[in-house]
Amino acid sequence: MRAFLPLNFGTDTASWVAKGKIWNTPAGAKATRVFEIYRYDSESGRGPRLDVYHIDRGSCGPMVLDALIKIKNEIDPTLTFRRSCREGVCGSCSMSIGGRNWLACTQRIDDIEGSIRIFPLNHFPVKKDLVVDQRHVLAQHQIIQPWLKTAKPAPEGEWLQSPEDRVKLDGYYECILCFSCTGGCPSYWWNGDRYLGPAVLLQAYRWIVDSRDEATGQRLDTLEDPFRLYRCHTIMNCTKTCPKGLEPAKAIARIKAMLVARQH
Amino acid sequence: MTGTAAPTPRIPIAPHMQVYRPTLTMVMSIMHRLTGTALYAGTVVFVWWLVAVAAGRVAYETFLDVFGSVPGLVVLFGLTWAVLHHALGGIRHLIWDVGRAHTYPWREYLARANLIGSLTLSATLWVVFYPW
Amino acid sequence: MEDFRTPTARARGLGAARGGTRDFWYQRVTSALGVLLITGAIIVVIDSIGADYDDVRALLSNPVVVALLLLALLNFCIHMRIGMQVIIEDYVHQPMAKVLLLIVNAGFSTVIGVVGAVAIIKIAFSG
Chain H
0 MRAFLPLNFG TDTASWVAKG KIWNTPAGAK ATRVFEIYRY DSESGRGPRL DVYHIDRGSC
60 GPMVLDALIK IKNEIDPTLT FRRSCREGVC GSCSMSIGGR NWLACTQRID DIEGSIRIFP
120 LNHFPVKKDL VVDQRHVLAQ HQIIQPWLKT AKPAPEGEWL QSPEDRVKLD GYYECILCFS
180 CTGGCPSYWW NGDRYLGPAV LLQAYRWIVD SRDEATGQRL DTLEDPFRLY RCHTIMNCTK
240 TCPKGLEPAK AIARIKAMLV ARQH
Chain A
0 MTGTAAPTPR IPIAPHMQVY RPTLTMVMSI MHRLTGTALY AGTVVFVWWL VAVAAGRVAY
60 ETFLDVFGSV PGLVVLFGLT WAVLHHALGG IRHLIWDVGR AHTYPWREYL ARANLIGSLT
120 LSATLWVVFY PW
Chain C
0 MEDFRTPTAR ARGLGAARGG TRDFWYQRVT SALGVLLITG AIIVVIDSIG ADYDDVRALL
60 SNPVVVALLL LALLNFCIHM RIGMQVIIED YVHQPMAKVL LLIVNAGFST VIGVVGAVAI
120 IKIAFSG
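Chains as they are written, first to last, in numbering that gives the first Met the number 0: chain H, 0 to 263; chain A, 0 to 131; chain C, 0 to 126.
The set of hints was computed from the structure by calculation and includes no laboratory data.
It is possible that some hints are incorrect.
Here chain C is said to cover these stretches of chain H; the calculated rule only asks that three of the stretch's residues, wherever they fall, bring their Cβ under 8 Å from a Cβ of chain C [stated by the list, open to error]:
| hint | region |
| --- | --- |
| 1 | 132 to 146 |
| 2 | 190 to 201 |
| 3 | 216 to 230 |
| 4 | 251 to 263 |
The following residues of chain A were derived to be distant from chain H, with all beta-carbon distances above 10 Å [to be verified]:
| hint | residue |
| --- | --- |
| 5 | Ile10 |
| 6 | Pro14 |
| 7 | Met25 |
| 8 | Phe45 |
| 9 | Ala54 |
| 10 | Leu63 |
| 11 | Gly67 |
| 12 | Gly71 |
| 13 | Leu72 |
| 14 | Leu78 |
| 15 | Leu114 |
| 16 | Pro130 |
Cβ coordinates follow ideal geometry from the N, Cα and C atoms, glycine included.
Whenever a hint applies, use it, and build me the whole structure from the sequences.
Below you can see the structure in the form of structure tokens.
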């Protein structure tokens with residue numbers, strides 16, 4: 000069955016999440032919030048589990064990342080996660096929070112009702128706890144060659160661009176590559192080995208529309224593939240789960256429209 | 000692969016479908032696929048109807064008997080809804096394909112209009128045209 | 000079996016197929032035309048409700064109806080072949096099973112189209 004169905008259609012026993020440890024309620028806490036957090040340690044010899052923590056909301060900062068740091072500092076120093084800027088710029092702390100992907104540093108605790116369930120980015124291989132293995136998706140990012148490609152030698156000053164052409168990059172250059180969208184895309188779940196996913200395709204579009212770039216056609220050639228591009232079925236999870244408010248689905252629609260346009 | 004070699008450590012994959020909170024557009028995408036699949040099978044009913052008319056009075060009476068029965072009518076109503084839902088869903092996708100209505104709340108309005116439209120249209124068609 | 004390919008080798012895979020746009024475009028064309036054709040087909044079906052056999056035959060041998068139904072059949076057989084192919088490619092990853100299902104899909108869509116067309120033509124030319 001595993002060979003027949005897509006990878007991890009719920010048939011992969013190594014990925015099953017067991018019930019984990021319930022950590023003690025802090026004494027004297029007035030308003031506690033329950034956090035259920037995915038834990039996995041490859042050296043433990045056991046599979047993933049879901050640990051339950053109780054956080055005193057009164058002595059915790061407003062964001063989910065504040066709670067994670069509080070757990071690591073005060074309750075369980077082995078909890079592992081990526082974070083850096085804690086202000087929505089670096090893209091390190093993207094994870095599955097309350098059933099969608101967001102940056103832990105910009106997700107307010109009070110915006111989530113009930114128990115707050117936290118998992119690593121959906122469908123990524125897990126290295127430890129909330130840290131995922133991004134080697135594959137970063138290799139996919141390399142495929143689209145995310146840099147200015149020109150045959151003409153670089154000018155002494157800058158590559159010139161009209162304000163009108165510059166505006167075309169708005170809504171696309173802001174991507175911080177947190178891969179929230181890619182983790183939230185069902186098409187990426189079933190075909191992530193071949194489908195490039197929303198983040199990489201949005202980046203591809205950002206270079207395709209850049210008026211300074213001279214490799215537009217070549218970029219489209221690289222994407223013209225039933226799996227790399229056309230696995231996108233406009234499910235819209237990407238656009239809804241982008242913590243920067245970008246629209247990967249629209250970028251992908253535009254790429255498809257360009258591929259049609261150059262045929263006719 | 001026969002179990003003689005030492006098992007390689009299997010790295011878990013982070014949970015996805017089972018922990019993702021269903022979104023309306025996601026559910027509508029699944030329904031678009033399900034109705035499409037139903038219509039794929041439903042073409043047999045349509046071709047059966049054509050063949051029955053071509054074959055003659057007896058074959059046509061048989062067709063009417065089968066699809067005049069309760070299970071038959073349920074299938075026909077289901078196909079009516081599937082056709083309308085898939086057609087409206089197709090329009091929704093065409094709008095998205097030309098880059099319109101990607102922003103909130105328009106994408107949600109589209110998805111809702113799709114569902115409400117298909118249900119009311121199929122109910123209306125049956126109330127008006129079925130010889131009750 | 001351990002996979003020792005580099006992430007780059009795995010991500011590049013067999014390269015870009017330089018295809019998929021035709022199917023994408025045909026699927027959109029057949030869906031846009033399909034909205035019109037299915038509306039026509041629904042009207043024909045509604046028109047046949049409660050009619051006796053001879054009336055249905057007369058209806059289905061009307062040249063406009065014949066043309067409409069033939070076009071609809073062609074349109075939706077293309078549409079459903081592409082649609083089901085996308086579903087198979089999405090979910091079925093075992094190579095042999097995938098190829099087999101793709102063939103069955105192409106066969107089913109063709110058979111539906113041809114059988115339906117033969118029925119329509121027979122009705123059209125035998126009054």
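Query raised in the report: Are all beta-carbon distances from A:Met25 to chain H longer than 10 Å?
Result: Violated, because the least Cβ-Cβ distance between A:Met25 and chain H comes to about 5 Å, which does not exceed 10 Å.
Discussion item. Minimum C-beta separation from A:Gly67 to chain H exceeding 10 Å: can you confirm that?
Written reply: 37 Å, holds
Least C-beta distance from A:Pro130 to chain H larger than 10 Å
For A:Pro130, whose nearest Cβ neighbour in chain H is about 39 Å away, the distance exceeds 10 Å, so it holds.
### Task
Find the nearest Cβ of chain H to the Cβ of A:Leu114 and say whether that gap is larger than 10 Å.
15 Å, holds
**Item:** Cβ contact check, 8 Å cutoff: the region 216 to 230 of chain H against chain C, three residues minimum
**Value:** holds (count 11)
**Report entry** Non-interface claim for A:Ala54, where every Cβ of chain H lies beyond 10 Å
**Finding:** 39 Å, holds
Task: Check of the region 132 to 146 of chain H against chain C for coverage (Cβ-Cβ below 8 Å, three residues minimum) - done: holds (count 7)
| query | Are 3 or more residues of the region 190 to 201 of chain H near chain C, judged by a Cβ distance of less than 8 Å? | reply | holds (count 3)
Hey, does A:Leu78 actually stay past 10 Å from chain H on C-beta?
-> 23 Å, holds
Original post:
Would the least Cβ to Cβ distance between A:Leu72 and chain H come out above 10 Å?
Top reply: Non-interface label stands for A:Leu72: nearest chain H Cβ at 32 Å, farther than 10 Å.
Problem - Non-interface claim for A:Leu63 versus chain H (Cβ beyond 10 Å) - result: 38 Å, holds
Checklist entry - Within the assertion that chain C covers the region 251 to 263 of chain H, do at least three residues meet a Cβ-to-Cβ distance smaller than 8 Å? => result Per the Cβ count (4), the hint holds.
Consistency with the previously given hints fails for numbers 5, 6, 7, ordered from lowest to highest.
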